[in-house]
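Peer 1: Kindly produce the complete structure, drawing on both the sequences and the hints.
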Amino acid sequence: MSAATRGPDSGRIAKRFAALKAAGRGGLVTFVTGGDPDAETSLAILRGLPGAGADLIEIGMPFSDPMADGPAIQASSLRALKAGATLAGTLALVEAFRAADRDTPIVLMGYYNPIYSFGVDRFLGEAKRVGVDGLIIVDLPPEEDGELCIPALAAGVNFVRLATPTTDDKRLPAVLGNSSGFVYYVSIMGITGTRSAGAAEVRKAVERLKRHTALPVAVGFGIRTPTQAAEVAAVADAAVVGTAIVEQIAGNLDEKGRARPGLAERVLAFVATLADGVRGKETVAS
Amino acid sequence: MSSLNTYRAGPDEHGHFGIHGGRFVAETLMPLILAVEKAYEAAKRDPSFKAELDYYLEHYVGRPSPLYFAERLTRELGGAKIYFKRDELNHTGAHKINNCMGQILLARRMGKTRIIAETGAGQHGVATATVCALFDLPCTVYMGATDIERQKPNVFRMRLLGTEVKPVHSGTATLKDAMNDALRDWVANVENTFYIIGTVAGPHPYPAMVRDFQSVIGEEVREQLRKAEGRLPDSLVAAIGGGSNAMGLFHPFLDDASVKMYGVEAAGDGIETGKHAASLNGGRPGVLHGNRTYLLQTDDGQIVDAHSISAGLDYPGIGPEHAWLNDTGRVSYVSATDKEALDAFQLCSRTEGIIPALEPAHALAHVRRIAPRLPKDHLLVMNMCGRGDKDIFTVAEHLGTKL
Numbered sequence: 309m310s311a312a313t314r315g316p317d318s319g320r321i322a323k324r325f326a327a328l329k330a331a332g333r334g335g336l337v338t339f340v341t342g343g344d345p346d347a348e349t350s351l352a353i354l355r356g357l358p359g360a361g362a363d364l365i366e367i368g369m370p371f372s373d374p375m376a377d378g379p380a381i382q383a384s385s386l387r388a389l390k391a392g393a394t395l396a397g398t399l400a401l402v403e404a405f406r407a408a409d410r411d412t413p414i415v416l417m418g419y420y421n422p423i424y425s426f427g428v429d430r431f432l433g434e435a436k437r438v439g440v441d442g443l444i445i446v447d448l449p450p451e452e453d454g455e456l457c458i459p460a461l462a463a464g465v466n467f468v469r470l471a472t473p474t475t476d477d478k479r480l481p482a483v484l485g486n487s488s489g490f491v492y493y494v495s496i497m498g499i500t501g502t503r504s505a506g507a508a509e510v511r512k513a514v515e516r517l518k519r520h521t522a523l524p525v526a527v528g529f530g531i532r533t534p535t536q537a538a539e540v541a542a543v544a545d546a547a548v549v550g551t552a553i554v555e556q557i558a559g560n561l562d563e564k565g566r567a568r569p570g571l572a573e574r575v576l577a578f579v580a581t582l583a584d585g586v587r588g589k590e591t592v593a594s
Numbered sequence: 015m016s017s018l019n020t021y022r023a024g025p026d027e028h029g030h031f032g033i034h035g036g037r038f039v040a041e042t043l044m045p046l047i048l049a050v051e052k053a054y055e056a057a058k059r060d061p062s063f064k065a066e067l068d069y070y071l072e073h074y075v076g077r078p079s080p081l082y083f084a085e086r087l088t089r090e091l092g093g094a095k096i097y098f099k100r101d102e103l104n105h106t107g108a109h110k111i112n113n114c115m116g117q118i119l120l121a122r123r124m125g126k127t128r129i130i131a132e133t134g135a136g137q138h139g140v141a142t143a144t145v146c147a148l149f150d151l152p153c154t155v156y157m158g159a160t161d162i163e164r165q166k167p168n169v170f171r172m173r174l175l176g177t178e179v180k181p182v183h184s185g186t187a188t189l190k191d192a193m194n195d196a197l198r199d200w201v202a203n204v205e206n207t208f209y210i211i212g213t214v215a216g217p218h219p220y221p222a223m224v225r226d227f228q229s230v231i232g233e234e235v236r237e238q239l240r241k242a243e244g245r246l247p248d249s250l251v252a253a254i255g256g257g258s259n260a261m262g263l264f265h266p267f268l269d270d271a272s273v274k275m276y277g278v279e280a281a282g283d284g285i286e287t288g289k290h291a292a293s294l295n296g297g298r299p300g301v302l303h304g305n306r307t308y309l310l311q312t313d314d315g316q317i318v319d320a321h322s323i324s325a326g327l328d329y330p331g332i333g334p335e336h337a338w339l340n341d342t343g344r345v346s347y348v349s350a351t352d353k354e355a356l357d358a359f360q361l362c363s364r365t366e367g368i369i370p371a372l373e374p375a376h377a378l379a380h381v382r383r384i385a386p387r388l389p390k391d392h393l394l395v396m397n398m399c400g401r402g403d404k405d406i407f408t409v410a411e412h413l414g415t416k417l
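In order, the protein sequences belong to chains A and B.
Per our numbering, residue 309 is the first one in the first sequence, and the count goes up by one each step.
Per our numbering, residue 15 is the first one in the second sequence, and the count goes up by one each step.
Among the hints, a few may not be true.
Said to hold, decoys possible - Pulled from the structure, derived: some chain A residues nowhere near chain B, Cβ distances all over 10 Å:
#: 1; residue: A352
#: 2; residue: G559
#: 3; residue: T581
Stated by the list, open to error - BS3-like cross-link-like pairs, simulated, lysine-lysine; straight-line CA separation at most 30 Å:
#: 4; chain 1: B; residue 1: K416; chain 2: B; residue 2: K289
#: 5; chain 1: A; residue 1: K564; chain 2: B; residue 2: K289
#: 6; chain 1: B; residue 1: K289; chain 2: A; residue 2: K390
#: 7; chain 1: B; residue 1: K416; chain 2: A; residue 2: K478
#: 8; chain 1: B; residue 1: K180; chain 2: A; residue 2: K390
In case anyone wonders, no lab produced these hints; they're calculated from the structure.
Beta carbons are placed, not taken as given, at the ideal position from N, Cα and C, and that holds for glycine.
Peer 2: Next comes the structure, spelled out in structure tokens:
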């Protein structure tokens, strides 16, 4: 596979991983769905994440049919859509976040159809303008690189590829070829939030990936607790936590599905325990 | 329109029909999708695979299905000479088993030990459950909770056949959500599981593979009509949900320029009401369930619910090859409303003694529209792709009868 032309990217992702390496620890990547449970609360959570200890932020772009996600993230996507979330709205969240934070990398994660519908060029232009650093698109394997990956790289937006336990050594070069920013290792076969891989298994998988790429490796799917985050961050460049954070949002809604007062604070307090985990600090259960 | 040398060569090596098709799936599935493609290509070239499939199609499914001259209906409509391709007489009562038989033989060749499927009306679920019973493979069928409610007889059939029917409550609890959950299951069980997709959609190679397994319909029609009339049909009519029965009927005739083809989408309450399942007539291109095709979606690219009286047509997308045949103009895609389908359902029952499924009742609604204007020597073949036993509860309710 020939290498794609790459435009200058924001540099934020590389800078953050270099800083983590210098600090001698793995990072914490947090996932929340953009606009869950509503745009205002979602922005409050996003703004608080760096302070709570998130090193990189993934924002889910809500989609009606998230087929790689488990029940918790499916529900978060539907909550956001019900509250009026759109792709333009997610980009607006990033813009509002960036007004106060110039350093924390933002990666948008989701499915291709909303982007295709929005228009690839228009989307990349807007993403770049508001300060998106990378994209993770679940349903775009390397076989479909022409759709978004190559245009994104040319536009200077990182395209973070997913590698999985089923991606064998023969296939890895194709998967890693046009990946940039970091590699996201899906540590289990399955959908988000349903099972967990053991630390030894993750270590072996990361070692395998490192033989094929110089990019940082973040590991996700099934990391729920500060202890698990710490274990993964010890063997990978970062641990990704999504479902467990999204469940904190779900647990702080009233019977009509609206945010209860203090939702953002409680979500951020949970993130802080994860952040303590990757920093090797004792966790004080809240 | 530039004319192509052939309409039958697709898809290309990446699974594209024009801009449609492709392989839009999660990385976890990608190696398996490639393995399915490789196994299918090998099976296609292996005479023993074809021999085995032919054996089961003849002795178990009951093929060839008859091509029947619908004499009373022809008289009643007073125009074209109408033939029904009787795929409702297949074992399990619909065309779906043609494809299930092909795919389960492939799954066995690949050494897979567990089968999953999605179903809307339940016909594909029943056909999958049937072949799984035949070959002693455990089977899980995903079905929207809404569909389970309106297709109870088929749910019971599947359970009798030893299949686990998993109700899907996510999203709108219909066929698209059942497909989402089947994909979720597959991602978690890639090593031992084969996903039998029921229509000409999904990631490559499924649209082409399902088409090939269903093409037995059109191939038989070609031969049977040659015997009966000594020539090709003038027009073909079939209902379209995902589009497998239509693709199976149309594909062998695509390069016969004289043969007109009509795919009939479900217009629900009417396209103008927004409550319909007509992806081509009321949607635009997008990416869902592994392929690019026409989809019912919002301005923001969110998939919207399809609506049809027929659970089997209630899908917000359509097979990518149909999307391409639409773009090239080779096939005309029209639609019929719930009401037109119900009327056709009753007409067919009374004039031919055949209670059709609500899916082919949509096709018949279009036949009813065009046949009277056509000359008496015009040969029209409609695919009677399923029988209506499963639908009598739905129809009774719409006609105000309590069963």
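Peer 1: Determine whether the non-interface label on T581/A survives the test: each CB of chain B must be over 10 Å from its CB.
Peer 2: holds (28 Å)
Peer 1: Given the hint that K564/A pairs with K289/B, test it: the Cα-Cα distance must not exceed 30 Å.
Peer 2: Cα-Cα ~27 Å, so holds.
Peer 1: What's the verdict on K416/B and K289/B, does the C-alpha distance respect the 30 Å limit or exceed it?
Peer 2: holds (26 Å)
Peer 1: Can you confirm whether the C-alpha distance between K180/B and K390/A stays at or below 30 Å?
Peer 2: With Cα atoms ~26 Å apart, K180/B and K390/A stay inside 30 Å; holds.
Peer 1: Is the Cβ of A352/A farther than 10 Å from every Cβ of chain B?
Peer 2: Nearest chain B Cβ is 23 Å from A352/A, so the label holds.
Peer 1: Please confirm whether G559/A is truly not at the interface, meaning its C-beta sits more than 10 Å away from all C-beta atoms of chain B.
Peer 2: Correct as stated: the minimum Cβ-Cβ distance to chain B is 19 Å, above 10 Å.
Peer 1: Please verify whether K416/B and K478/A have alpha carbons no more than 30 Å apart.
Peer 2: Violated. K416/B to K478/A sits at ~61 Å, over the 30 Å cutoff.
Peer 1: Under the criterion that the straight-line Cα-Cα distance not exceed 30 Å, is the pair K289/B, K390/A satisfied?
Peer 2: It holds: about 19 Å lies between the C-alpha atoms, which stays within 30 Å.
In this structure, only the earlier hint numbered 7 is contradicted, and the remaining ones agree with it.
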